[in-house]
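Produce the entire structure from the sequences given, and follow the hints as far as they go.
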Amino acid sequence: MGYIRIYWYREGLKGWEEAGLPTGKTIDLMQQEPVAGISPQELQEKLAGSEGVFLLDIRDDNSRAQFGAIPGKTLHYPLFRLHKLYSELPRNRNLVVYDIRGKQAPIAFQYLLTVHFDPAMITWLDGGVENWKKSGFASNSIE
Amino acid sequence: MSFSEKLLAVVLAVALFTGSGLAKAQAAYEIVSTEELTEWMKKPDKPYLVFALSPIEFSISHIPGSVCIPLELMDNYYKMPDDLGKPMVFYCHGPG
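Protein chains in written order, with my numbering: chain E, 2 to 144; chain V, 13 to 108.
Hints in this document: simulated from the structure, not taken from any laboratory. These figures come from a predicted structure and were not determined experimentally. Any given hint might turn out to be false.
[To be verified] Straight-line distance between alpha carbons at most 20 Å, and here's what the computed DMTMM-like set of lysine to aspartate or glutamate pairs gives:
| id | chain 1 | residue 1 | chain 2 | residue 2 |
| --- | --- | --- | --- | --- |
| 1 | V | Lys58 | E | Glu12 |
| 2 | E | Lys15 | V | Glu51 |
| 3 | E | Lys134 | E | Asp62 |
| 4 | E | Lys85 | E | Asp119 |
| 5 | E | Lys104 | E | Glu18 |
| 6 | E | Lys26 | E | Glu12 |
| 7 | E | Lys85 | V | Glu84 |
| 8 | E | Lys104 | E | Glu131 |
| 9 | E | Lys15 | V | Glu48 |
| 10 | V | Lys58 | V | Glu47 |
| 11 | E | Lys104 | E | Asp29 |
| 12 | V | Lys98 | V | Glu51 |
| 13 | V | Lys55 | V | Glu42 |
| 14 | E | Lys104 | E | Glu144 |
| 15 | E | Lys134 | E | Glu144 |
| 16 | E | Lys104 | V | Glu84 |
| 17 | V | Lys54 | E | Glu18 |
| 18 | E | Lys15 | V | Asp57 |
| 19 | V | Lys98 | V | Asp57 |
| 20 | V | Lys54 | E | Glu12 |
| 21 | V | Lys58 | V | Glu48 |
| 22 | E | Lys74 | E | Glu52 |
| 23 | V | Lys58 | V | Glu84 |
| 24 | E | Lys104 | E | Glu52 |
[To be verified] Short derived list, chain V residues pointing at chain E, Cβ under 7 Å:
| id | residue |
| --- | --- |
| 25 | Tyr41 |
| 26 | Ser71 |
| 27 | Ser73 |
| 28 | Val79 |
| 29 | Pro82 |
| 30 | Glu84 |
| 31 | Cys104 |
[Claimed, not checked] Quick partial rundown of chain E residues pointing at chain V, CB under 8 Å, derived from the structure:
| id | residue |
| --- | --- |
| 32 | Gly3 |
| 33 | Tyr8 |
| 34 | Trp9 |
| 35 | Glu12 |
| 36 | Gly13 |
| 37 | Trp17 |
| 38 | Leu22 |
| 39 | Gly53 |
| 40 | Phe55 |
Backbone N, C-alpha and C fix where the C-beta goes; we use that ideal spot for every residue, glycine too.
As C-alpha cells, this is what we get:
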C-alpha cells in the first residue's frame, strides 16, 4: 500500500490490559451459562443425528482454503461481517459455531447470545477445525 | 497461523510495497512497546492505531483512540490514510 512508517504493537490488548491501562468497549456481552463448547465427538454425533444441525463457519476465505472445512450443512459468515449479517441467520435451527482453533468461536457465540439467539439452539466447537481433524474426523478441501 | 502471525503478515503486506527503494532495503516495520505506545498516543504526532480484527471483538474491548479495520477489508472499503508518511501501529489480542 505504500506506507513507510509501520509499527507492530506486538503485546496487543493483552499487554495493554496487563499494564493496567484503560480499554474502551461499546457492547456488554451477555454472560450466560453454559459457555463451554462441544467436543468434536459431540459434534459428530449431532451431525449424524436428526436435529438438522447447521455449522456456522466464521472464518475468512483464506482460512477455509488453508485449513479445510467440516463436512455438513454450513452457513459461512466471517466474524468480521457477523455484526452486520447475524439477522440473516436462522434462529430456529441448531447452530454450531466453529473457527480454526476455538479462539474466536466463543466470541461469536457470546455475541449471538447478546443479540438474543436462544442459548438452547447454539453452541460452538471446542478447538475448532484443527481439533476436529486431530480427533480423526475428515475435512473437505475448499477451493 | 495465530492472530499475531496473521497480523504480522498484514503489517508486512502494508509496508513492503513502498514507493521508495531505500525503504524497501530497510526493515519493513518496527516493534513498539506498551510504554512507547502510551507515550506516543499523548503526543500531537500520535500514530494511526489500528485494531485489525473484527468489529465485534473491537466492540468488546479496544485501546482508546484506535480504529477497527479488519485485516480482510484493509484497503478495501475501509479507507486508509492518504498520507503515506503517517505512522501506523497495528495490534490485535497479543500473544497467546
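Status of the hints after comparison with the structure:
Under the criterion of a C-alpha separation no larger than 20 Å, the hint pairing lysine 58(V) with glutamate 12(E) is consistent with the structure, at around 18 Å. Taken as a hint, the lysine 15(E) and glutamate 51(V) pair is honoured in the structure, with Cα atoms around 18 Å apart against an allowance of 20 Å. Simply put, lysine 134(E) and aspartate 62(E) have alpha-carbon atoms about 18 Å apart, close enough for the 20 Å limit, and the pair holds. Straight-line distance between C-alpha atoms of lysine 85(E) and aspartate 119(E) comes to about 19 Å, which keeps the hinted pair within the 20 Å bound.
With a CA separation close to 18 Å, the supplied pair lysine 104(E) and glutamate 18(E) stays within the 20 Å bound. Proposed proximity of lysine 26(E) and glutamate 12(E) is supported: the alpha carbons are some 19 Å apart, at most 20 Å. At roughly 15 Å between alpha-carbon atoms, lysine 85(E) and glutamate 84(V) fall within 20 Å of each other, so this suggested pair holds. This hinted pair checks out: lysine 104(E) and glutamate 131(E) have alpha carbons roughly 11 Å apart, not beyond 20 Å.
For the hint linking lysine 15(E) to glutamate 48(V), the alpha-carbon distance of about 16 Å falls within 20 Å, and the restraint holds. Note on lysine 58(V) and glutamate 47(V): the hinted pairing holds, with a Cα-Cα distance of about 14 Å set against a maximum of 20 Å. The straight-line distance between the Cα atoms of lysine 104(E) and aspartate 29(E) is roughly 19 Å, inside the 20 Å bound, and the hint therefore holds. Proposed proximity of lysine 98(V) and glutamate 51(V) is supported: the alpha carbons are some 17 Å apart, at most 20 Å.
Taken as a hint, the lysine 55(V) and glutamate 42(V) pair is honoured in the structure, with Cα atoms around 19 Å apart against an allowance of 20 Å. Our distance criterion of 20 Å between C-alpha atoms is broken by lysine 104(E) and glutamate 144(E), whose separation comes to about 24 Å. Simply put, lysine 134(E) and glutamate 144(E) have alpha-carbon atoms about 18 Å apart, close enough for the 20 Å limit, and the pair holds. A hinted pair counts as satisfied when its Cα atoms are at most 20 Å apart, and lysine 104(E) with glutamate 84(V) qualifies at roughly 18 Å.
The straight-line distance between the Cα atoms of lysine 54(V) and glutamate 18(E) is roughly 18 Å, inside the 20 Å bound, and the hint therefore holds. The suggested pairing of lysine 15(E) with aspartate 57(V) is violated, with an alpha-carbon distance near 25 Å, which exceeds 20 Å. Among the hinted pairs, lysine 98(V) with aspartate 57(V) is consistent with the structure: their alpha-carbon atoms are about 9 Å apart, no more than 20 Å. Annotation: proposed proximity of lysine 54(V) to glutamate 12(E) holds, straight-line Cα distance about 19 Å (limit 20 Å).
Between lysine 58(V) and glutamate 48(V), the direct Cα distance comes to roughly 11 Å. Compliance with the 20 Å bound is thereby established for this hinted pair. For the hint linking lysine 74(E) to glutamate 52(E), the alpha-carbon distance of about 12 Å falls within 20 Å, and the restraint holds. Distance restraint check for lysine 58(V) and glutamate 84(V): the Cα-Cα separation of roughly 25 Å exceeds the 20 Å cut-off, and the hinted pair is therefore not satisfied. A hinted pair counts as satisfied when its Cα atoms are at most 20 Å apart, and lysine 104(E) with glutamate 52(E) does not qualify at roughly 26 Å.
Taking 7 Å as the C-beta cut-off, the interface hint given for tyrosine 41(V) holds, the closest approach to chain E being about 4 Å. The beta carbon of serine 71(V) comes within 4 Å of a beta carbon in chain E, closer than 7 Å, and the hint placing it at the interface holds. For the restraint placing serine 73(V) at the interface with chain E, the shortest Cβ-Cβ distance is roughly 5 Å, inside the 7 Å limit, so the hint holds. Evaluation of the valine 79(V) hint against chain E yields a violated restraint, the C-beta minimum of about 11 Å exceeding 7 Å.
The criterion of a C-beta within 7 Å of any C-beta in chain E is met by proline 82(V), whose closest approach is roughly 4 Å, and the hint holds. The interface hint given for glutamate 84(V) is met, as the beta carbon of that residue sits about 5 Å from the closest beta carbon of chain E, less than 7 Å. For cysteine 104(V), the interface hint holds, the least distance from its beta-carbon to any beta-carbon of chain E being 5 Å, beneath 7 Å. Taking 8 Å as the C-beta contact cut-off toward chain V, the hint placing glycine 3(E) at the interface holds, the least distance being around 5 Å.
With a least beta-carbon distance of about 4 Å to chain V, the hint placing tyrosine 8(E) at the interface is held under the 8 Å criterion. Satisfaction of the interface hint for tryptophan 9(E) is found here, the shortest Cβ-Cβ separation to chain V being roughly 5 Å, below the 8 Å cut-off. Proximity of glutamate 12(E) to chain V holds as hinted, the smallest CB-CB distance being about 5 Å (cut-off 8 Å). For glycine 13(E), the interface hint holds, the least distance from its beta-carbon to any beta-carbon of chain V being 3 Å, beneath 8 Å.
Because the beta carbon of tryptophan 17(E) sits about 6 Å from the nearest beta carbon in chain V, less than 8 Å, this interface hint is met. A hinted interface residue such as leucine 22(E) counts as satisfied when its beta carbon comes closer than 8 Å to some beta carbon of chain V; here the least separation is about 7 Å, so the hint holds. Among the interface hints, the one on glycine 53(E) is violated; its C-beta lies about 26 Å from the nearest C-beta in chain V, farther than the 8 Å criterion. The closest approach between the C-beta of phenylalanine 55(E) and any C-beta of chain V is roughly 20 Å, which is over the 8 Å cut-off, so the hint fails.
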